[in-house]
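Trainee: Chain residues, written in single-letter form:
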Amino acid sequence: GDSVTQMEGPVTLSEEAFLTINCTYTATGYPSLFWYVQYPGEGLQLLLKATKADDKGSNKGFEATYRKETTSFHLEKGSVQVSDSAVYFCALSDPYYNQGGKLIFGQGTELSVKP
Amino acid sequence: EAGVVQSPRYKIIEKKQPVAFWCNPISGHNTLYWYLQNLGQGPELLIRYENEEAVDDSQLPKDRFSAERLKGVDSTLKIQPAELGDSAVYLCASSLSPSGELFFGEGSRLTVL
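These protein sequence lines map, in sequence, to chains A and B.
Position 98 (the first sequence) corresponds to 503 in this note's numbering; numbering is contiguous.
Position 105 (the second sequence) corresponds to 99 in this note's numbering; numbering is contiguous.
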């Protein structure tokens, strides 16, 4: 079945460092891809998404490009801040699942940014 | 606008006891989801509702778990009896439609002793 694999954490970076969190997926169809973020004590929030190959999602300085040839959706940010410390989840939505809506998540990657 | 509201935030019970979680979705959101998040893992879908109808409960362990969404608004997820392995965070989410963006609540953290 469909699945998502993320790089393991925790990832610890200094402020203003470059961030990459790797995400690869397996899907039989053409899924939509998402990054969700969970700040301490808060619920999951959608960070960005891409719905087709070569699309780039972006938000709050984060970017991810839907790469069909490598089945990847890596999350990047050029300069992280302490406030970016959170758990990041890569996810896909199976388009053949009752018109969408079922999210399949990776295991999450914890990011800790030090001043 | 209020987000998805869940209660209780934390619950500690002994094994074999019952427990219930409540979710109030965003107003107007017809689609409601319950997800299970084990420690260090991503959320996994338990059940999805379209209005009052459970359209996918294939991942819900029906021997001990039950859910309802009366009147197509609030929803309750129940576990009876709870087992040690049920310790996890139970997330509720809602969306305007099946293909719409999901909005998550803060979750209910269950500890079974």
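To be clear, the hints were calculated from the coordinates, so they are not data collected in a lab.
By construction, the Cβ of each residue, glycine as well, lies at the ideal position given by its N, Cα and C atoms.
A portion of the hints provided could be inaccurate.
Ranges between beta-carbon positions, derived for each pair [said to hold, decoys possible]:
#1 B:LYS10 x A:TYR444: 33 to 43 Å
#2 B:GLU38 x A:GLY446: 36 to 46 Å
#3 A:ARG472 x B:ALA48: 41 to 51 Å
#4 A:GLU481 x B:ARG103: 29 to 39 Å
#5 B:ARG103 x A:GLU474: 39 to 49 Å
#6 A:GLU481 x B:SER93: 25 to 35 Å
Trainee: Now tell me if each hint is right for this structure.
Mentor: Hint by hint, here is what the structure shows:
Here the CB-CB span from B:LYS10 to A:TYR444 is close to 35 Å, well matched to the stated 33 to 43 Å. Our hint of 36 to 46 Å for B:GLU38 and A:GLY446 is violated, since their Cβ atoms are close to 22 Å apart. For the pair A:ARG472 and B:ALA48, the supplied restraint of 41 to 51 Å is violated, since their beta-carbon distance comes to about 36 Å. Judged by the Cβ atoms, the range 29 to 39 Å given for A:GLU481 and B:ARG103 holds: they are separated by roughly 31 Å.
Checked against the hint of 39 to 49 Å, the C-beta distance between B:ARG103 and A:GLU474 comes to roughly 40 Å, which is consistent with it. In this structure, A:GLU481 and B:SER93 meet the distance hint of 25 to 35 Å, their C-beta atoms being roughly 27 Å apart.
The structure fails hints 2, 3 (numbered hints given earlier, in ascending order).
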